[in-house]
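**Student:** If you want the building blocks of each chain, they are given just below.
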Amino acid sequence: MIYMDYQATTPCDPRVLKEMLPYFCEIYGNPHSSTHAMGEEAATAIEKARKQVANIIGTVDTKEIIFTSGATEANNLAIQGIAKFYKERGNRIITSEIEHPCVKETCRALAREGFDVVFVPVSDNGIIDLDFLSKSLTDKTILASIMTVNNEIGTIQPIDEIGKLCREHGVIFHTDAAQAIGKIPVNTENVDLMSISGHKIYGPKGIGALYIKGKSRLRLAPLFHGGKQERGMRSGTLPTPLCVGLGIACEIAQKEMKEEFERLLKFKNYFLKKIFDNLPKVYLNGDKEKRIPGCINLSFDGVEGEGIMLGMNDICVSSGSACSSQTLEPSYVLQAISIREDLAHSSLRIGFGRFTTMEEVDYVASKIIEVVNRLRSMSPIWEGQ
Amino acid sequence: MQYSKKVMDLYKNPKNVGTFDENDANVGTSVVGAPSCGDVIKLQIKVDENGCISDAKFKAFGCGAAIASSALITDWVRGKNLDDAKQIKNKEVADYLSLPPVKLHCSVLAEEAVSKAIENYKSKQKKTEE
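For the protein sequence lines, the chains are P and V, in the order given. Per my numbering, the very first residue in the first sequence carries number 1; after that it's consecutive. Per my numbering, the very first residue in the second sequence carries number 1; after that it's consecutive.
Each computed EDC-like pair below joins lysine to aspartate or glutamate, with the alpha-carbon atoms no more than 16 Å apart:
# : chain 1 : residue 1 : chain 2 : residue 2
1 : P       : 48        : P       : 61
2 : V       : 57        : P       : 383
3 : V       : 57        : V       : 75
4 : V       : 12        : P       : 314
5 : V       : 12        : P       : 370
6 : P       : 104       : P       : 116
7 : P       : 274       : P       : 362
8 : P       : 288       : P       : 124
9 : V       : 89        : V       : 111
Listed next, with one range per pair, are the computed distances between beta-carbon atoms:
#  : chain 1 : residue 1 : chain 2 : residue 2 : range
10 : V       : 9         : P       : 360       : 23 to 33 Å
11 : V       : 91        : P       : 160       : 53 to 63 Å
12 : P       : 385       : V       : 54        : 24 to 34 Å
13 : V       : 6         : P       : 205       : 33 to 43 Å
14 : P       : 124       : V       : 9         : 38 to 48 Å
15 : P       : 130       : V       : 5         : 46 to 56 Å
16 : P       : 124       : V       : 130       : 48 to 58 Å
17 : V       : 5         : P       : 216       : 51 to 61 Å
18 : P       : 231       : V       : 91        : 54 to 64 Å
19 : P       : 360       : V       : 5         : 21 to 31 Å
20 : V       : 127       : P       : 280       : 35 to 45 Å
21 : V       : 8         : P       : 226       : 42 to 52 Å
22 : V       : 5         : P       : 21        : 37 to 47 Å
Honestly, the hints are just simulated from the structure, not real lab data. All figures in this text were calculated on a predicted structure; none of them were measured in a lab. Glycine is no exception: its CB is placed at the ideal position from the N, C-alpha and C atoms.
In isolation and in its complexed conformation, chain P is listed as follows (with noise of 0.2 Å):
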């Protein structure tokens, strides 16, 4: 089996098992429980992850990560916290089309319950469009959430300008930096709030962490109530294997965040020239340079997405086809960037990562290769090209 779906999510590296091992059996003392060793010894190793997540992101002061189950909790704590702590200040938020669906759903929560909320489009090229963002920054708007990349098709938006945008404003800035972090270099300087997660840089599922500027000094309502842990802003005992191993994770990531580019790139490049040379009417989606290496999300004109996974099942990648959906519809990134529509359903998202191997690259290209074209033979609307 060939694992190329690294966007959704990735394998634990075993260093990472390694460190988070003696937390679960021998160290298991409550982490919030500082009255006796076995909680300071926890409550050490949790302080020792918080650095290393604060590390990545290029921030000193550890008090602005907390430790959330994930990045759908980041980010829902992100928006709903702020949403709710500053609606008196107005009621516009601003997000875009291309969001993953835990800031969408989440905004979308928030219309219901009567919030302005701005979709800012993406142009073809899936990068958004900062002309309209600039001018749905209203003095009603408290927020906006715009992703650092996208997990669909692997572009990466203009985060500083989008930040000193709405700082110009006095708009409150938070970005989802799951599919960033331990890719591309990330920091926070124009950002108020970041969500990370553990599960897609080699960590284990279930943790993640919200970055939140002190300088902002900003105020979140929390999403639980309980034992004020996270100062009061994410009660609940922290899982002190799941901190550290998210801890580990992002120091290994970002140790290796350069070499690690360089060679997804390499295969990348490889990769796409083999589909290229061999295919005609195939059409890499997104931007073509601004984007991260390890994504590719390409569609294969006349055959359909479900149609080419299941000739090679063998390999694990993904499609925004409808028929690997449940709904039926193809998917909202594709539709954003305004792709021809049976596109959307022709399309293949490969993933590469840090476990992958040239031989396993080559061979999916070479495989990909075969079953598009075995499909086209037998496709109605390849006819006569």
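Following the hints, put chain V in place on chain P, whose structure we already have.
**Tutor:** Just chain V now, kept in the frame of chain P:
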């Protein structure tokens, strides 16, 4: 998507893929579905002098269920007269292939393809009679 072995077998080795000459008076052709919906089936029947379907072919743009449904129904119509072929219901196709509920529309499309190919054949015959 978890498909039955029957779907997978038909997807891997689809029978009856191909085309007939559309201008042949004994051929009925249909194209159903839409590229924008992610499913298109082109189905053709060849009718002999006794009014029986002697051969059937298809091409499909779609998922495994669409390909398997078209492959199966082109097999089933062969040797049947037009009235009997029209009686094949999508439910029989879906049941035979154990299609998951979300894929039932693929069998509906296959049934529609047969019915429209028959109509097309009949209208051609009418024109030649006139």
